[in-house]
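There are 6 protein chains.
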Amino acid sequence: MTESHATTAYGRSVTEACRRLGYSKTVETLLTLAALEIKVEIPIVRDNGELAIFTGYRVQHQNARGPCKGGLRYHPQVDIDDVRELASLMTMKTALAGIPLGGGKGGIACNPHEMSQRELETLTRKFVKRIHREIGPNSDIMAPDVGTNAQTMGWIHSEYSAIYGHSPAAVTGKPLALGGSLGRDKATGHGIGIVVTEYARHRNTSLQGTTAVIQGFGNVGFHAAQALTALGVKVVAISDSRSAVRRDAGVDLAALSAQ
Amino acid sequence: MTESHATTAYGRSVTEACRRLGYSKTVETLLTLAALEIKVEIPIVRDNGELAIFTGYRVQHQNARGPCKGGLRYHPQVDIDDVRELASLMTMKTALAGIPLGGGKGGIACNPHEMSQRELETLTRKFVKRIHREIGPNSDIMAPDVGTNAQTMGWIHSEYSAIYGHSPAAVTGKPLALGGSLGRDKATGHGIGIVVTEYARHRNTSLQGTTAVIQGFGNVGFHAAQALTALGVKVVAISDSRSAVRRDAGVDLAALSAQ
Amino acid sequence: MTESHATTAYGRSVTEACRRLGYSKTVETLLTLAALEIKVEIPIVRDNGELAIFTGYRVQHQNARGPCKGGLRYHPQVDIDDVRELASLMTMKTALAGIPLGGGKGGIACNPHEMSQRELETLTRKFVKRIHREIGPNSDIMAPDVGTNAQTMGWIHSEYSAIYGHSPAAVTGKPLALGGSLGRDKATGHGIGIVVTEYARHRNTSLQGTTAVIQGFGNVGFHAAQALTALGVKVVAISDSRSAVRRDAGVDLAALSAQ
Amino acid sequence: MTESHATTAYGRSVTEACRRLGYSKTVETLLTLAALEIKVEIPIVRDNGELAIFTGYRVQHQNARGPCKGGLRYHPQVDIDDVRELASLMTMKTALAGIPLGGGKGGIACNPHEMSQRELETLTRKFVKRIHREIGPNSDIMAPDVGTNAQTMGWIHSEYSAIYGHSPAAVTGKPLALGGSLGRDKATGHGIGIVVTEYARHRNTSLQGTTAVIQGFGNVGFHAAQALTALGVKVVAISDSRSAVRRDAGVDLAALSAQ
Amino acid sequence: MTESHATTAYGRSVTEACRRLGYSKTVETLLTLAALEIKVEIPIVRDNGELAIFTGYRVQHQNARGPCKGGLRYHPQVDIDDVRELASLMTMKTALAGIPLGGGKGGIACNPHEMSQRELETLTRKFVKRIHREIGPNSDIMAPDVGTNAQTMGWIHSEYSAIYGHSPAAVTGKPLALGGSLGRDKATGHGIGIVVTEYARHRNTSLQGTTAVIQGFGNVGFHAAQALTALGVKVVAISDSRSAVRRDAGVDLAALSAQ
Amino acid sequence: MTESHATTAYGRSVTEACRRLGYSKTVETLLTLAALEIKVEIPIVRDNGELAIFTGYRVQHQNARGPCKGGLRYHPQVDIDDVRELASLMTMKTALAGIPLGGGKGGIACNPHEMSQRELETLTRKFVKRIHREIGPNSDIMAPDVGTNAQTMGWIHSEYSAIYGHSPAAVTGKPLALGGSLGRDKATGHGIGIVVTEYARHRNTSLQGTTAVIQGFGNVGFHAAQALTALGVKVVAISDSRSAVRRDAGVDLAALSAQ
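Protein chains in written order, with my numbering: chain A, 1 to 259; chain B, 1 to 259; chain C, 1 to 259; chain D, 1 to 259; chain E, 1 to 259; chain F, 1 to 259.
Take these hints with a grain of salt, some might be off.
As the list claims (entries may be wrong) - From the derived model, a few chain D residues whose C-beta atoms are all more than 12 Å from chain B:
hint	residue
1	V45
2	A52
3	I53
4	V128
5	P168
6	E198
7	A237
To be verified - Heads up, incomplete: computed chain E residues facing chain F, CB under 8 Å, no partners named:
hint	residue
8	L30
9	L31
10	L33
11	P43
12	I53
13	R130
14	N204
It should be emphasised that the hints constitute simulated quantities derived from the structure, not laboratory data.
Backbone N, C-alpha and C define an ideal beta-carbon position, used for all residues, glycine too.
The shape of chain A in the complex, shown without the other chains (with noise of 0.2 Å):
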């Protein structure tokens, strides 16, 4: 994760966006501040015995279109300019998308991959205990990210629902029993075969024939990989955190997968 460059370049483009638009300061300004910042210190015991403390955020970025909307990442590297960075870019895509959101975005500094379920759960569970009070369906709503996942979401719904009622509006990103809604795991995928059809359909160019490399092989990368072969671009590369494969012929995706 490069927060500083990613923060840059919003900043940069929030800043050029408003000298082409001859807005003011004082407008720059509060595209670029965040009209909430929450952090809050999470206590719980570990599977050990010992006690550990867990930094948790969530940043309301604009609320101005609605309540704000945003994903929750648990990653040892969350950090505050982190999170506001990535809620200010959901006010952008909620924007554009033209859906009545804001943007918001959370996170909590730990590693997922070294804790139980338990130590997931008792974690999730006490930050929304923490607060509860400044989310929900009309105020903030939390969907899965870096490190969470469908679960994650479960638990922030069961213990707000057990406050105020079953609110499944509360999170995106659910168990489908939950109400969870169908196609998820593969919409960003998808999503990116989508702006690969556009760019080449605006380009007034083929797709066949060309071919593409693909960094990480998780979620997004998998459908996004199986996107792009139907549309008959041929993936040569893909790798992922911990290693990576090259086939010119193209790569066998069902056979990777299934590793």
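Starting from the known structure of chain A, arrange chains B, C, D, E and F on it as the hints suggest.
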């Protein structure tokens, strides 16, 4: 204000105390982190019609012993490190005083001396509107501090009560007409007299013939000077942010105050 | 009841007071207007099976000094001008008594003497159900008045507590079993004795040999007669809404009360 | 505004309807009374620094079929009889339209043309702060009316949402950016075209060659003139509160609107 | 009613299902226990002036898939085992129908045929007043059942909405005027026709020439008889709690219904 | 525990009291029924990773005189009859003591001696999460009882306060650091000394030379033994659930306690 020094002072105290008591690093961390930190962006229209944006903070350092308690200061150099440090000191202060309250502190980065009453009222009320779910008699109780006063507390009380019903316990240091305490103005300065008296008793010495210099001649400084004078201490110099006076025969408090 | 006179009396007092104090017309207006006036239509099914509609009022004149406080009266001639006037007087009364409460008053236009207990209970509970969001310990506290009593307050307490949990502070003048105050029945009459005593002291005169006539022989009149008698005042005549008695040697209170 | 006439019209309608339907006097009374009437005093500091007091009203005539629904008007002659009458008409309107809403109406006695935007915003927000417990998506939904507009609804939305979370359903007629409906500006004028079309069909006559005069050339009048013109009706005269124009060959709407 | 049999039936189903699916004893227990059971004592004054006490129940068997949903029945033999069993069946029913709701059920032990409308209204409203915190659109949604009807739901809706604002989603089976669904009266009987049709299709047989006997001639029985007749099934006998009719040529439904 | 005996004892007392006072059967029923009974299923994951289900109860017998008040016990044989009986006795106890509280009691069927602190904490917090809407300072106040202690109350306080803000009045018997009362540990045993003293005074006899045997040597038994010894009563035998000791010269309390 030398916040970094204050921070260091508190941090050093905790580190040293944990060492002497044999407390773990985790406990030390718990004592230095804050349970909840909130940062909000508050845009208001100034009297000249321009939009201005102020940043407000509220930190709840510890509520293990009761609702958080602590001042709200308006000062251009307020920042999150400053507020966290001061909130930590409030946790210590309430615990040492043995009252069932935790420690909190807040602030807005602004220069109240350059703002009109209308601007200050708008700013204060909007700050309450942003954080009202996290404050109140059972959660976090505000008080006057640098740059704020009984009027500020009255605005907070009014805005909070419009939502939750008449809530005098939501702030201390409020106007007498709203249930404020008699004698609050002189309480801190008066306390300095008590501390000095106890110190002399502890050292088995007399205050007669001793001298004092006082830095700051606001609410605290004036009453401290009076209290010390009444104890037989000669106040030979007084300074405030703009000037200073020295008179070896003793500063004339009444004349100085009349200015 | 001569409400218009009462209104005039209050209005004249405010006008005259503002004139003497040099207060502006706006302040005078603020003191005569009510912060909040509520009027509700309350349909109930009477014991004979017919639908009847009663009009209820609640006026919160001023809550600047604390929650509003004032009686609820059941009388056929209750109207909004009446209730506003009485609420205004409560603002003065609580302010003069130096207690942290504002002034309120309410009423329902009905004849409680022609209604069954079931009808009165239904009417009272439905009134609470309509206005519950605006009343309560932190907003507006009711008390018995003309045509209402401890039982009425018990119904209000019950209906309010069903929504918000046990709330004895929502009404005063409630039954002892619900936390009502001892001595409330005789308090007003007893107070007349105190006022008369203070008046005599102020005028430097004696009450011995003086006489009194008492208009009304309900809760207040009876205890006032007792209090005056104990002070050496001879009560020579008493009247109520239906009859009158005169005895120059002093009315026999015990005999009269036994009727 | 001839409120008394309107009142009479509604009263006469109800009386006549109940007579024809054989409904009792009690039902007739129920239909003319309002379930809830609120009146509040709203002091604000005007731009010139003086305190001014405005009186606001909200009447909920009937919520038997759903939350109350109706406009909020700012006009110097607004009074409680006016507002009650208009709320009653909303009950009829929503019932006849077959939508699950009751009837409400509100107003503030003020002259919005003589007030600055800051004053109007302060007044509107303070009004919401006084009555927020009685309004909202499940209780009473406001809309623009005489002297108010989408901006007014935006302020109401903002103030209400600060307390209860993002609540676009608390008002209708709000800005598009907050979820307002497309086409609302022209809806009422457009409806006049539909009514006239249906009337002609019902009378089995043609609109060709007919003429119209239009009283008022605001939002409704302009779009009505356009709709009528599109139907083949010649608009030969238009007036507003300050002037009038007549042209037998048909008024030039585009030119008039450009002024 | 043979509750114990029903209980056994459900219990046997769960036990057998868990056996076939290889589920643990704990899962089996989870499926048979209820998440929440509430029992309340409801004293009301009967029309004859005497105090009577009724016992009410509400069981929320499972809310894992959404708010609980289920009927409220008024019957002298209602008890907690009965209600828990029926709530369990609702969990199964909503899950099999694939709608995002859990299972609930409630009841009051009373004989509605021996109670006046006023008594039933008082009883119903008081029941809601006792359990209102546990029911509602996000928690537990009631519906008519044995001994209750649309009017009962209307009372629940009214009492609930007085506290929480207009809440049509708090009950189903409510009067049309409050948002009830068209066709609900005939829905269950109509469904029997659908089930029989599907059964015949599944068995590859014809309904022509078949006969039916119907036990119960209330809302369900009448519409079931109509639906079966429309399918070509001859209804040769019908019984209700008081009498029975048999006619081999087919019962005359119109004549029977007219009685 | 011989719950059925206790039930009988209470039932017999009420029956006999109503007979002597000439109270009706309905009043007798009212006194034996509970206003509200709640039963919840609480699944937790045990330390060994298995799912276990515990049943929890809370009974509010009477809140006519104030919020319910009573212990929460953890014991394998807790059932609804047990808890209802104990809640009834609390109604009597608070009424006889003349404090403005009603009677409540709760329990969870579990063996706290076979559960880890983590399991007990999870179980307790989940129980609060299920019933939080029905408990609290204005509704129902819990206290330690068999199998629970100050730590249990601390968990309840923490879980409840996370939802409603710092609420020390939600439980009694809480840790001193949370506002618990000094001397609570010895209060019950100390009370036995007072009762015995009063009994002797009433019987006009002396305690010198009397002996006592004590069943149970927990918190109550130990302090009772101390109190009796201080009164001159010789404690000659003490037993607990596992063993017994007899010494005619008087049991050595200090030695016994040291074990």
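Hints versus structure:
no.	hint	result
1	V45	7 Å, violated
2	A52	14 Å, holds
3	I53	17 Å, holds
4	V128	10 Å, violated
5	P168	18 Å, holds
6	E198	48 Å, holds
7	A237	41 Å, holds
8	L30	6 Å, holds
9	L31	11 Å, violated
10	L33	4 Å, holds
11	P43	6 Å, holds
12	I53	6 Å, holds
13	R130	7 Å, holds
14	N204	45 Å, violated
Figure legend: structure checked against the earlier numbered hints; hints not met, in rising order: 1, 4, 9 and 14.
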